[in-house]
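Chains C and U supply the protein sequences, listed in that same order. Going by the working numbering, 561 is the number at position 561 of the first sequence; the sequence numbering is gapless. Going by the working numbering, 71 is the number at position 71 of the second sequence; the sequence numbering is gapless.
Among the clues, some could well be false.
[What the hints assert, rightly or not] Derived Cβ-Cβ restraints for the label pairs, each shown as a range:
#1 N152/U x Y221/C: 28 to 34 Å
#2 S647/C x T121/U: 17 to 23 Å
#3 E700/C x M1/U: 34 to 40 Å
#4 A20/U x S647/C: 44 to 50 Å
#5 N119/U x H460/C: 54 to 60 Å
#6 G10/U x E87/C: 31 to 37 Å
#7 E353/C x T121/U: 20 to 26 Å
#8 T5/U x H460/C: 32 to 38 Å
#9 A20/U x H460/C: 26 to 32 Å
#10 S61/U x P539/C: 43 to 49 Å
#11 E700/C x R70/U: 38 to 44 Å
#12 V336/C x P2/U: 49 to 55 Å
Derived by calculation from the structure, the hints in this document are not laboratory data. All C-beta atoms in this analysis are idealised placements derived from N, C-alpha and C, irrespective of residue type, glycine included.
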Amino acid sequence: MSLQNEHQQVVETVEQALSQEVRRLSETESGLTADNLSRRGFLKLSGVAGGGLVLAMALPSTKSMAQEEQDITGSMELNTFIKVTSEGKIQIYAQAPDMGQGVRTALPMIAAEELGVKWEDVEVLQAPVAERFGVQFAGGSLSVPREYQKMREMGASAREMFIGAAAAAMNVPREELKVEDSMVIHTSGQSMSFAELAQPSLANQPVPDPGTLKFKDKSEYKIIGSSQITGIDNTFLVTGNPLFGIDIKIPDMLYASYMKCPSISGKAVSANLEDIKRLPGIKDAFIIEGDGNFQQLLSGVAIVGNSTWAVFNAKQQLKVEWDTSSASKDSWTAMVEFADGNKDNDGSEPIAEVGDVAAAFADPANKVLTSHYEYPFLSHFCLEPINCTADYKKGENGEADTLDLWAPHQFPARMYTAAETVFGLPKEQVMVHPVTRIGGGFGRRFTSEFVCEAIAISKHVGAPVKLTWSREDCVRHDFYRSGGFQTVKAAVDADGKLVAWQNHLFATKLGERYTWEGRLNETEFPMLNVPNVKATKTPYEIGTPCGALRAPGSNVNAFVAESFINELAVAAGRDHLEFLLEIMGEPRWFEEGNPRSLHTGRAAGVIKAAAEKAGWGRQLPAGQGLGLAFHFSHAGYVAQVADVTVSSDKKLIVNKVTVAVDVGPIINMSGARAQVEGSVIDGISAMVGQKITMEDGAIEQSNFHDYPVMRIPATPEIDIHFLETDNPPTGLGEPAYPVVTPAVTNAIFAATGQRIRKLPLREHGYSI
Amino acid sequence: MPTYTLTINGVDQELEADPAMPLLWALRDVLGMVGTKFGCGIGQCGACTVHVDGQPMRACSIPASALVGRSITTIEGLAADANLTALQQAWVDLDVPQCGYCQSGQLMAAAALLESKPNPTDDDIDAAMAGNYCRCGTYVRIRQAIHQAASNKTAMFYDATATNAEEDVA
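I would like the entire structure built from these sequences, with the hints used as guidance.
Shown next as structure tokens:
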């Protein structure tokens with residue numbers, strides 16, 4: 001399988017599978033049916049048939065499994081995710097990498113709750129990268145919805161095993177026992193601790209049939225929803241312990257840098273390699289041909305030395321002759337000109353057509369409005385630079401080659417695919433080591449091109465190497481949020497009701513695939529709620545790699561739709577809140593039977609809550625304004641009201657952002673609030689100052705000085721309200737991010753009368 | 001390759017490195033102290049903040065060899081003994097980190113601030129912390145944690161009611 005666009009496919013596949021799974025589960029009241037073979041199979045996998053705690057896989061058949069076998073010695077395994085130590089401490093595997101979204105804390109909390117262990121008795125281990133842990137993928141706000149039911153089952157299953165062991169030890173019926181705070185307690189008051197029960201008799205307990213498991217009522221929760229539980233790695237983080245991929249050090253490791261063509265996908269022809277090799281601390285410098293695929297291995301110059309500084313320093317002195325004949329020719333200026341020349345046309349590819357927009361626009365009773373919106377390319381700017389440690393060992397005496405890998409990656413198992421696809425190494429010869437924390441993901445770390453680079457360098461020099469990208473490398477060779485343009489046109493009738501909506505999308509395309517921002521779903525709000533709709537797109541081929549950036553697609557569509565709805569409300573002389581609620585209409589699912597589709601009642605719930613908490617409609621002094629926006633993404637409902645003050649010299653102060661969220665029940669309260677706080681700040685950061693441009697295929701920005709990240713003084717007050725409706729819990733890494741931009745730009749309009757249709761704000765003279 | 005001695009977290013450490021090598025890489029690659037982080041390499045992001053004679057400095061922008069005879073403190077040495085400082089404890093209790101990568105630098109900048117201004121105002125915090133970027137946006141809690149450490153409050157976990165209660169008092 002080619003790695004081309006694989007991360008987009010993966011995200012789509014997982015989202016699709018999840019949607020089906022959630023729909024299926026919602027059809028049964030219990031959420032679990034007897035014929036649910038896949039789930040049962042999953043639990044059974046962890047226990048030998050007939051009971052027992054031995055790992056089902058008896059003999060390691062691959063390098064990875066051999067490593068896992070070592071890993072599980074010393075404690076008893078109750079199921080795939082839960083082990084108990086001889087002291088009765090509970091070890092829970094974190095399934096997916098933590099990049100700040102809090103899954104290393106949230107997912108184990110779910111299992112711990114059902115198990116009945118005290119949170120202080122829980123140790124979280126990073127799961128090996130192995131199929132028995134399911135899809136170990138962090139992204140798409142999918143971890144909680146995907147794993148929630150499984151984690152409950154793991155916890156409840158382990159709880160039943162403790163109860164069984166205690167029933168035997170106390171010689172009482174198991175029905176008379178309950179588990180609380182790491183104790184099994186009998187109705188008589190007699191109790192046994194997990195430590196006392198961590199005996200071989202526990203190991204002999206049968207693994208319960210998942211169909212028989214009972215789950216706690218919300219009122220009994222001690223861990224889920226607690227605001228006293230904080231990040232599992234906090235103590236290690238505040239003391240500087242090595243937790244990140246970039247902190248890896250293995251014996252005899254060398255350090256590497258890799259210089260690729262500034263015009264993306266260009267080829268290295270020659271370089272002053274001999275000069276470079278003579279520099280202090282440098283061991284080797286060489287050209288890598290590559291395969292011309294920016295998702296795999298682009299051509300470049302590798303420099304290997306005895307420290308990161310030595311190779312970075314040498315890279316400054318590198319002179320390369322590039323062949324740019326096959327490189328990207330992208331030009332932001334040209335894209336702007338193209339979009340400008342085509343904004344009044346229809347796009348060549350249809351997206352949606354309902355009713356008759358032309359008739360609605362021609363009706364003299366209707367008020368018709370047209371606006372052209374523009375948003376830039378963005379870089380992810382993860383603070384931990386891209387890095388990968390690879391140890392490629394040539395097999396001796398006819399043995400096969402082996403490869404060990406460590407890297408901050410949002411989908412670690414994909415490193416196996418990369419090793420196989422690009423280097424022909426089957427999984428049996430490769431070990432992907434889990435990394436505890438990732439220094440920011442935001443959708444950047446789905447691709448494996450940096451892994452391929454590290455493998456190629458390690459293979460060439462015959463030693464383990466840590467490849468570290470400089471900040472400049474990270475900015476110039478990202479998988480960007482695509483920039484683009486949308487022309488929206490709409491009609492409101494004499495009653496001020498929205499009756500027609502038209503959208504023409506400038507759709508960037510990489511080969512056969514549209515970028516996330518080049519796709520506009522026909523279900524995108526408000527298109528299903530308007531009687532006359534037309535949406536088309538104009539494809540635009542680019543060569544700049546693009547990928548997912550926090551709430552991909554949504555983060556541009558929210559800006560356009562929510563700004564334009566505000567424009568229409570103003571044009572119709574109506575209150576934005578009332579206008580928006582009218583568009584939302586009666587409570588109903590957009591797609592009946594799909595709980596991951598939009599429900600207008602839940603949407604109205606957050607819109608009303610945000611407005612009420614923010615004091616929507618109150619009188620404000622000149623220069624101050626409130627702006628409202630709503631967006632539905634990743635199954636999450638978020639409404640925000642921004643309160644801003646704009647000075648005469650366009651200094652923007654975001655006084656407060658009020659946020660109402662409905663993602664069902666909250667697992668990790670502190671972590672959930674953190675995601676919302678971070679999304680608001682991230683959104684303001686991008687909206688005010690960030691823009692990636694390119695000419696001749698080369699990115700023109702390089703570091704913090706020309707790609708500003710928001711600093712602490714601009715931090716607004718953020719007032720967060722979770723509605724915690726009785727719906728399945730969904731993820732929160734993304735849904736709050738797209739909303740803040742239109743909330744703030746609508747507030748700027750309210751404060752100043754200036755409509756923002758182009759980002760970032762600094763191009764209009766604003767600063768924060 | 002010349003050798004020289006640096007005093008790091010109260011301990012003299014001999015290292016052999018190019019005299020031009022910045023302290024950041026001497027710490028990370030030569031001495032294996034990886035708590036100090038590489039973020040930008042141009043002194044802009046603050047992820048590599050350490051203390052030199054008590055002053056916050058960017059380890060990516062000072063040659064290690066220039067620091068012979070100076071007292072260097074890194075995140076690994078922030079807690080003088082096995083116990084966390086009040087600042088670190090506030091960071092843990094208020095759940096400040098998200099990805100966590102910038103947090104060593106944030107803590108070093110905050111520790112230096114509290115050393116010079118034991119009871120900083122929001123403006124003091126903004127001025128002292130403006131050079132430390134957090135890509136995840138933990139600024140709300142950084143402010144709170146610095147205030148909490150300054151007031152020596154007992155552990156106050158992060159939740160909305162706690163924040164509102166404070167506002168009520170004010």
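Okay, the hints, checked on the actual structure:
The given range of 28 to 34 Å is respected by N152/U and Y221/C, whose C-beta atoms sit roughly 32 Å from each other. Between S647/C and T121/U the beta carbon distance is about 22 Å. The supplied range of 17 to 23 Å therefore holds. Distance hint check for E700/C and M1/U: the Cβ-Cβ separation is about 38 Å, which falls inside the suggested range of 34 to 40 Å. A C-beta distance of roughly 45 Å is found between A20/U and S647/C, which places it inside the suggested range of 44 to 50 Å.
Separated by about 57 Å at the C-beta atoms, N119/U and H460/C satisfy the suggested range of 54 to 60 Å. Distance hint check: the CB atoms of G10/U and E87/C are about 34 Å apart, consistent with the given range 31 to 37 Å. One distance hint, 20 to 26 Å for the beta-carbon pair E353/C and T121/U, is violated here, with the actual separation near 58 Å. Range check, T5/U to H460/C: about 36 Å between beta-carbon atoms, so the 32 to 38 Å window is met.
In this structure the supplied range 26 to 32 Å holds for A20/U paired with H460/C, their Cβ-Cβ distance being about 27 Å. With their beta carbons about 46 Å apart, S61/U and P539/C fall inside the hinted range of 43 to 49 Å. Distance hint check for E700/C and R70/U: the Cβ-Cβ separation is about 39 Å, which falls inside the suggested range of 38 to 44 Å. Distance hint for V336/C and P2/U: a CB-CB separation of about 54 Å, consistent with the stated range 49 to 55 Å.
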